[in-house]
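Novice: Each residue of the sequence shown is one higher than the last, beginning at 3 in the numbering used here.
Hints may contain errors.
Said to hold, decoys possible - The following label-pair restraints were derived from C-beta to C-beta distances: (1) GLN89 with ALA131: 33 to 43 Å; (2) THR121 with ALA87: 27 to 37 Å; (3) THR99 with GLY138: 13 to 23 Å; (4) PRO59 with ALA131: 34 to 44 Å; (5) GLY101 with PHE77: 11 to 21 Å; (6) ILE117 with PRO59: 33 to 43 Å.
If you're looking for bench data, these hints aren't it; they were derived computationally from the structure. We treat Cβ as the ideally placed atom computed from N, Cα and C, and that holds for glycine.
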Amino acid sequence: MKRHHGIGSVVAWLGCGLLADVVAAQCAPGLASSAGTNGTDNFVYASELWDPDGPGPAPAVVALGGLFRLAGATFANAVVAYDPALQTFTALGGGITGGVAEVGDLLPLPNGDLIASGTFTTAGGVPAANIARWNGAA
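Based on the sequences and whatever the hints tell you, model everything.
Specialist: Written out as structure tokens, the structure is:
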């Protein structure tokens, strides 16, 4: 699992540039605002560029996973998509819950699905033993 992102990496994505790993160390930890969009309320452990419609026409977004429950004003439960063009967060269904409920790694698939792994027992209200797949609807 990737364990190198903290709240500072969301600050890096939103306020200090797109070089999260390099720039995060230069940003003070905490929530920051960029054009009115706040970061997460807790740690981000994984971030991946993700194209939710696969080879479709929609642009890629940034998938974030971690120990957070809130991204901006969006209830996200450990996994969320951030659209840098629109500066909006979008929850992926009911998110990840149960147990510690944290996402430690993300894997975007070429067809647009997103795999999340971590420490959790439920994804979108369905039992999931530490790994789950988002298919765009559930």
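Novice: State for each hint whether it applies.
Specialist: Each hint, compared with the structure:
no., hint, in the structure
1, GLN89 with ALA131: 33 to 43 Å, "holds (35 Å)"
2, THR121 with ALA87: 27 to 37 Å, "holds (32 Å)"
3, THR99 with GLY138: 13 to 23 Å, "holds (20 Å)"
4, PRO59 with ALA131: 34 to 44 Å, "holds (35 Å)"
5, GLY101 with PHE77: 11 to 21 Å, "holds (18 Å)"
6, ILE117 with PRO59: 33 to 43 Å, "violated (23 Å)"
Hint 6 alone, counting from the list given before, is not met by this structure.
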